[in-house]
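Same order as they appear, the protein sequences are chains A and B. Under numbering that gives the first Met the number 0, the first sequence has 84 at position 85, and the numbering climbs by one with no breaks. Under numbering that gives the first Met the number 0, the second sequence has 235 at position 236, and the numbering climbs by one with no breaks.
Among these hints, one or two may not hold up.
To be verified - List time: in silico EDC-like cross-link candidates among lysine to aspartate or glutamate, alpha-carbon distance up to 20 Å:
{"id": "1", "chain 1": "B", "residue 1": "K180", "chain 2": "B", "residue 2": "D349"}
{"id": "2", "chain 1": "B", "residue 1": "K156", "chain 2": "B", "residue 2": "E169"}
{"id": "3", "chain 1": "B", "residue 1": "K96", "chain 2": "B", "residue 2": "D81"}
{"id": "4", "chain 1": "B", "residue 1": "K51", "chain 2": "B", "residue 2": "E124"}
{"id": "5", "chain 1": "A", "residue 1": "K151", "chain 2": "A", "residue 2": "E127"}
{"id": "6", "chain 1": "B", "residue 1": "K246", "chain 2": "A", "residue 2": "D76"}
{"id": "7", "chain 1": "B", "residue 1": "K246", "chain 2": "A", "residue 2": "E127"}
{"id": "8", "chain 1": "B", "residue 1": "K115", "chain 2": "B", "residue 2": "D50"}
{"id": "9", "chain 1": "A", "residue 1": "K166", "chain 2": "B", "residue 2": "D335"}
Don't read these hints as lab results, they were simulated from the structure.
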Amino acid sequence: MEKTTTAALAARGVSVSAEEREAWMERAMHMAKEALENGEVPVGCLMVYNNEVLAKGRNEVNQTKNATRHAEMVAIDQVLEWCHRFGRNPTEVFEHTVLYVTVEPCIMCAAALRLMKIPLVVYGCQNERFGGCGSVLDIASADLPNTGTPFKCIPGYQAEEAVEMLKIFYKQENPNAPKSKVRKKEGHKC
Amino acid sequence: MDRVLCPGEHGEENGSVMEHKTISWQIFPVLSDQHSQGVELVLAYAVPILDKKKTSRLVKEISAVYPLEGQQHLKRVRACTDKASPHPLEMLICLAKPGKEKAEGLHTLSELLPNKQVDCCGLGEPFLVHVPAHPPLTRMQFEEAKFHWPTAFHEDKYVTSALTGHLFSEEEKVKMQTYMKQAIWAAQQGSEKGMKAIGAVVVDPATETVLAVGHDCRSTSNPLLHATMVCIDLIAQGQGRGTYNFKSYPACTVSPLGNRDPSASKAIRAGTVRKFESRDDGLPYICTGYELYITSEPCVMCAMALVHSRIQRVFYGIASPDGALGTKYKIHTRQDLNHRFEVFRGILEDQCCSLVKDSQEDSQSSK
Numbered sequence: 000m001e002k003t004t005t006a007a008l009a010a011r012g013v014s015v016s017a018e019e020r021e022a023w024m025e026r027a028m029h030m031a032k033e034a035l036e037n038g039e040v041p042v043g044c045l046m047v048y049n050n051e052v053l054a055k056g057r058n059e060v061n062q063t064k065n066a067t068r069h070a071e072m073v074a075i076d077q078v079l080e081w082c083h084r085f086g087r088n089p090t091e092v093f094e095h096t097v098l099y100v101t102v103e104p105c106i107m108c109a110a111a112l113r114l115m116k117i118p119l120v121v122y123g124c125q126n127e128r129f130g131g132c133g134s135v136l137d138i139a140s141a142d143l144p145n146t147g148t149p150f151k152c153i154p155g156y157q158a159e160e161a162v163e164m165l166k167i168f169y170k171q172e173n174p175n176a177p178k179s180k181v182r183k184k185e186g187h188k189c
Numbered sequence: 000m001d002r003v004l005c006p007g008e009h010g011e012e013n014g015s016v017m018e019h020k021t022i023s024w025q026i027f028p029v030l031s032d033q034h035s036q037g038v039e040l041v042l043a044y045a046v047p048i049l050d051k052k053k054t055s056r057l058v059k060e061i062s063a064v065y066p067l068e069g070q071q072h073l074k075r076v077r078a079c080t081d082k083a084s085p086h087p088l089e090m091l092i093c094l095a096k097p098g099k100e101k102a103e104g105l106h107t108l109s110e111l112l113p114n115k116q117v118d119c120c121g122l123g124e125p126f127l128v129h130v131p132a133h134p135p136l137t138r139m140q141f142e143e144a145k146f147h148w149p150t151a152f153h154e155d156k157y158v159t160s161a162l163t164g165h166l167f168s169e170e171e172k173v174k175m176q177t178y179m180k181q182a183i184w185a186a187q188q189g190s191e192k193g194m195k196a197i198g199a200v201v202v203d204p205a206t207e208t209v210l211a212v213g214h215d216c217r218s219t220s221n222p223l224l225h226a227t228m229v230c231i232d233l234i235a236q237g238q239g240r241g242t243y244n245f246k247s248y249p250a251c252t253v254s255p256l257g258n259r260d261p262s263a264s265k266a267i268r269a270g271t272v273r274k275f276e277s278r279d280d281g282l283p284y285i286c287t288g289y290e291l292y293i294t295s296e297p298c299v300m301c302a303m304a305l306v307h308s309r310i311q312r313v314f315y316g317i318a319s320p321d322g323a324l325g326t327k328y329k330i331h332t333r334q335d336l337n338h339r340f341e342v343f344r345g346i347l348e349d350q351c352c353s354l355v356k357d358s359q360e361d362s363q364s365s366k
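From just these sequences and the hints, can you work out the full model?
Structure below.
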């Protein structure tokens, strides 16, 4: 499985060694930790092109009041900006960019990654609530001829630590989210 | 969907020739697979009741042995479907194990009801029947289900009225048409600027106001600015935030919400149930309670963006090949996501369709 993945990616001009993956994921984890310490959703992500970090995304939902500003979407915009600044063709850049993210991209982000034709996503833990690379839907490999191209996933990098951070975050209440009925009931009990 | 409100069906009642003429489209609810699929059948054992007088005792005893807990929708006893049959009634005993009956042959009554818990006097020999596996959710499913075995049906009046085209009054359909026309206008404005001809508007149904108008803004510099994503960011801008700058697209507009009277937004129209989740500052959470009118069915990215934004309803004109609100997925109906919303298709379908065709022809002729 691992071999075919690597071969397919090499054919598309993308190859990353296990050591490289480890190192980039270490950095993404560090970003997630920083986010948690600052009361933000603990998701860290990096977009790496030719061994260069083009984007470091973090969740900006509360700050922008736009629920689509997930770390991956923010990072995509940063890469687009980089392309604009350096006069590079975004299509060519994205087709050779690897996303490193601590949590499985959600359904929306997975579709966005397809539309950008990113070939490879390395991620940490599963996203049981919204995951778009298999947990809820498998948008990453689905047959959607009008929605970009499918991408490969390498999951499981420091998954336990990534889950632990999410758990800590969701224990704290998000003051910006709408009050759910369940939460209200819990509130009465306390 | 055997019967949908026909155009002009109520035209004489409201007497307006204009409305009669303008509304030439039909609205279809996009329901979950569970609602729209046919009836799934499973095999079960039934048995003839030869002595009618013993029915209530037999039902009691057999129900104690086989409570059929997952099949509470099935009635235990039915009148015999074959009029020439010597026995008047038939009773359900238990579900059959799939595949096993073929290999081992039919079970006998004493095999199905061993240990003498039931006095089988008055029963004939068991036979296999197909029974509906799940409770029917729509009247159509009910009609199909009861053909196989009598079934209880707790009709969801809302779903029935949606399926028969009676959910929206003619007056409401006129309003929908107005909103969709604005979306079409936006699509044309975008198309003139070289964008994909897709337009959308966000409406607050409580105040009947258009909050945002947007069109597809995707380009090489930002390929993800689909009309839905544009509208979501416009709403964020109306709430004082947002991310993108749409100054070069004057057709993309938003009305600010900052000074809106919070009591007005909580106004509840008669007959509508509105869960209003407001934040402490009186502003809604992103798109809570709002409706999106869009000329083409949203893609996976946009559909999930609408889940994240807590939209209440989406109305679209035509389906898209990879659409995620009916065509490839029904993301709005998924029980495993934290928000669900209603989706309707077909609003100004013809106009929305020619929008796409026109822009395709344009791009071909420009080549």
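Here is how each hint holds up against the structure:
This hinted pair checks out: K180 of chain B and D349 of chain B have alpha carbons roughly 12 Å apart, not beyond 20 Å. With a C-alpha separation of about 19 Å, the suggested pairing of K156 of chain B with E169 of chain B holds against the 20 Å cut-off. With a CA separation close to 26 Å, the supplied pair K96 of chain B and D81 of chain B exceeds the 20 Å bound. Straight-line distance between C-alpha atoms of K51 of chain B and E124 of chain B comes to about 15 Å, which keeps the hinted pair within the 20 Å bound.
Using a Cα cut-off of 20 Å, the hinted pair K151 of chain A and E127 of chain A holds, with the two alpha carbons roughly 19 Å apart. Distance restraint check for K246 of chain B and D76 of chain A: the Cα-Cα separation of roughly 18 Å lies within the 20 Å cut-off, and the hinted pair is therefore satisfied. At roughly 39 Å between alpha-carbon atoms, K246 of chain B and E127 of chain A are farther apart than 20 Å, so this suggested pair is violated. About 19 Å separates the Cα atoms of K115 of chain B and D50 of chain B, which keeps this hinted pair within 20 Å; it holds.
At most 20 Å may separate the alpha-carbon atoms for a hinted pair to count; K166 of chain A and D335 of chain B meet this at roughly 19 Å.
Consistency note: the structure conflicts with the earlier hints numbered 3, 7.
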